[in-house]
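J.: Listed below, chain by chain, are the residues.
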Amino acid sequence: AQSVTQPDIHITVSEGASLELRCNYSYGATPYLFWYVQSPGQGLQLLLKYFSGDTLVQGIKGFEAEFKRSQSSFNLRKPSVHWSDAAEYFCAVLGAGGGNKLTFGTGTQLKVEL
Amino acid sequence: DAGVIQSPRHEVTEMGQEVTLRCKPISGHNSLFWYRQTMMRGLELLIYFNNNVPIDDSGMPEDRFSAKMPNASFSTLKIQPSEPRDSAVYFCASSFQAHTDTQYFGPGTRLTVL
Numbered sequence: 001a002q003s004v005t006q007p008d009i010h011i012t013v014s015e016g017a018s019l020e021l022r023c024n025y026s027y028g029a030t031p032y033l034f035w036y037v038q039s040p041g042q043g044l045q046l047l048l049k050y051f052s053g054d055t056l057v058q059g060i061k062g063f064e065a066e067f068k069r070s071q072s073s074f075n076l077r078k079p080s081v082h083w084s085d086a087a088e089y090f091c092a093v094l095g096a097g098g099g100n101k102l103t104f105g106t107g108t109q110l111k112v113e114l
Numbered sequence: 001d002a003g004v005i006q007s008p009r010h011e012v013t014e015m016g017q018e019v020t021l022r023c024k025p026i027s028g029h030n031s032l033f034w035y036r037q038t039m040m041r042g043l044e045l046l047i048y049f050n051n052n053v054p055i056d057d058s059g060m061p062e063d064r065f066s067a068k069m070p071n072a073s074f075s076t077l078k079i080q081p082s083e084p085r086d087s088a089v090y091f092c093a094s095s096f097q098a099h100t101d102t103q104y105f106g107p108g109t110r111l112t113v114l
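Residue numbers (my numbering), protein chains in the order written: chain A, 1 to 114; chain B, 1 to 114.
FYI, nobody ran anything at the bench for these hints, they're computed from the structure.
A couple of the hints might just be wrong.
Said to hold, decoys possible - Taking CB as the label site, the calculated pair distances span:
(1) A:Gly62 - B:Arg110: 29 to 37 Å
(2) B:Pro61 - A:Ser3: 17 to 25 Å
(3) A:Lys111 - B:Arg9: 22 to 30 Å
(4) A:Lys68 - B:Asn51: 35 to 43 Å
(5) B:Asn51 - A:Ser3: 25 to 33 Å
(6) A:Ser3 - B:Thr102: 18 to 26 Å
(7) A:Lys68 - B:Met40: 26 to 34 Å
(8) A:Gln109 - B:Pro81: 31 to 39 Å
(9) A:Ile11 - B:Gly28: 36 to 44 Å
(10) B:Asn71 - A:Ile11: 23 to 31 Å
What the hints assert, rightly or not - Calculated lysine to any residue pairs in the SDA-like style (CA-CA distance at most 20 Å, straight line):
(11) A:Lys68 - A:Gly41
(12) A:Lys111 - B:Met39
(13) A:Lys49 - B:Phe96
(14) A:Lys49 - B:Gln97
(15) B:Lys24 - A:Gly41
Said to hold, decoys possible - Rough simulated footprint, nothing fancy, chain A against chain B, three-plus residues with beta-carbon under 8 Å:
(16) 73-85
(17) 103-109
For each residue, glycine too, the CB sits at the ideal point set by N, CA and C.
Can you build the whole structure from these sequences, using the hints too?
T.: Have a look at this one:
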């Protein structure tokens, strides 16, 4: 079955600094990969997804992610973080081997210092 | 579109009581998902429906949990009897197609069982 690892539980960056959130997945075939963001007290909002094609995916709010098969990674990046980006970020993988379930990582809490 | 609607937003109940959580998916979406989010276990898929039919309920923790989808615009998740360990945030999500399409999440129901 597929799994997702987000090695960083908490990350703090200064406003205007660049950001990279790490995500590693385990799945035998080419996975479908997602990044969601959850603001306090809110549901999850999709930032971007990768199904196939160009390995650099653009999402909403200025985020992008790069799929690297050789590293089994799908890291999320943003060149300049805004205070409103403070939230929890979840990486998720969908794979047929897991019964078509969307499996989420444990999340990374992002704090933005002004 | 109003998005996925969940009610109630907050529920506080006593152990042993029946709890019913409600969800209205986005109109036109064919798939509906129930998730549970806790600090210890993160986001877990409990059950999902496709065209009102339960497809996979392997994530339902035990027989105290049941879910129904009597029509395309309404679903319930019921816990009877409730226990303190059921305290969590329960999310409903919907998508046009199961899993391969973007899942849109509701704001969640925060359940506290005393």
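J.: Determine for every hint whether it applies to the structure shown.
T.: Going down the list of hints, with the structure as the test:
In this structure the hint that glycine 62 (chain A) and arginine 110 (chain B) lie 29 to 37 Å apart at CB holds, the actual value being about 30 Å. Distance hint check: the CB atoms of proline 61 (chain B) and serine 3 (chain A) are about 20 Å apart, consistent with the given range 17 to 25 Å. With their beta carbons about 25 Å apart, lysine 111 (chain A) and arginine 9 (chain B) fall inside the hinted range of 22 to 30 Å. Between lysine 68 (chain A) and asparagine 51 (chain B) the Cβ separation comes to about 36 Å, which falls inside the hinted range of 35 to 43 Å.
Range check, asparagine 51 (chain B) to serine 3 (chain A): about 29 Å between beta-carbon atoms, so the 25 to 33 Å window is met. At about 22 Å, the CB distance of serine 3 (chain A) to threonine 102 (chain B) agrees with the hint of 18 to 26 Å. Against the hinted window of 26 to 34 Å, the Cβ-Cβ separation of lysine 68 (chain A) and methionine 40 (chain B) comes to about 30 Å, which satisfies the hint. The hinted range of 31 to 39 Å is satisfied by glutamine 109 (chain A) and proline 81 (chain B), whose Cβ atoms lie roughly 34 Å apart.
A hinted range of 36 to 44 Å holds for the C-beta pair isoleucine 11 (chain A) and glycine 28 (chain B), which are about 37 Å apart. The hint said 23 to 31 Å for the Cβ distance between asparagine 71 (chain B) and isoleucine 11 (chain A), and at roughly 43 Å that hint is violated. For the hint linking lysine 68 (chain A) to glycine 41 (chain A), the alpha-carbon distance of about 32 Å lies beyond 20 Å, and the restraint is violated. At most 20 Å may separate the alpha-carbon atoms for a hinted pair to count; lysine 111 (chain A) and methionine 39 (chain B) meet this at roughly 18 Å.
Between lysine 49 (chain A) and phenylalanine 96 (chain B), the direct Cα distance comes to roughly 15 Å. Compliance with the 20 Å bound is thereby established for this hinted pair. Distance check on the hinted pair: lysine 49 (chain A) and glutamine 97 (chain B) sit about 15 Å apart at the alpha-carbon level, within 20 Å; holds. For a cut-off of 20 Å, the pair hint linking lysine 24 (chain B) to glycine 41 (chain A) stands: about 19 Å separates their Cα positions. Coverage of a stretch by a chain is defined here by at least three residues with a beta carbon nearer than 8 Å to that chain's beta carbons; for the region 73-85 of chain B and chain A the count is 0, and the condition is violated.
For the region 103-109 of chain B, the assignment as covered by chain A holds, since 6 residues bring a beta-carbon within under 8 Å of that chain's beta-carbons and 3 suffice.
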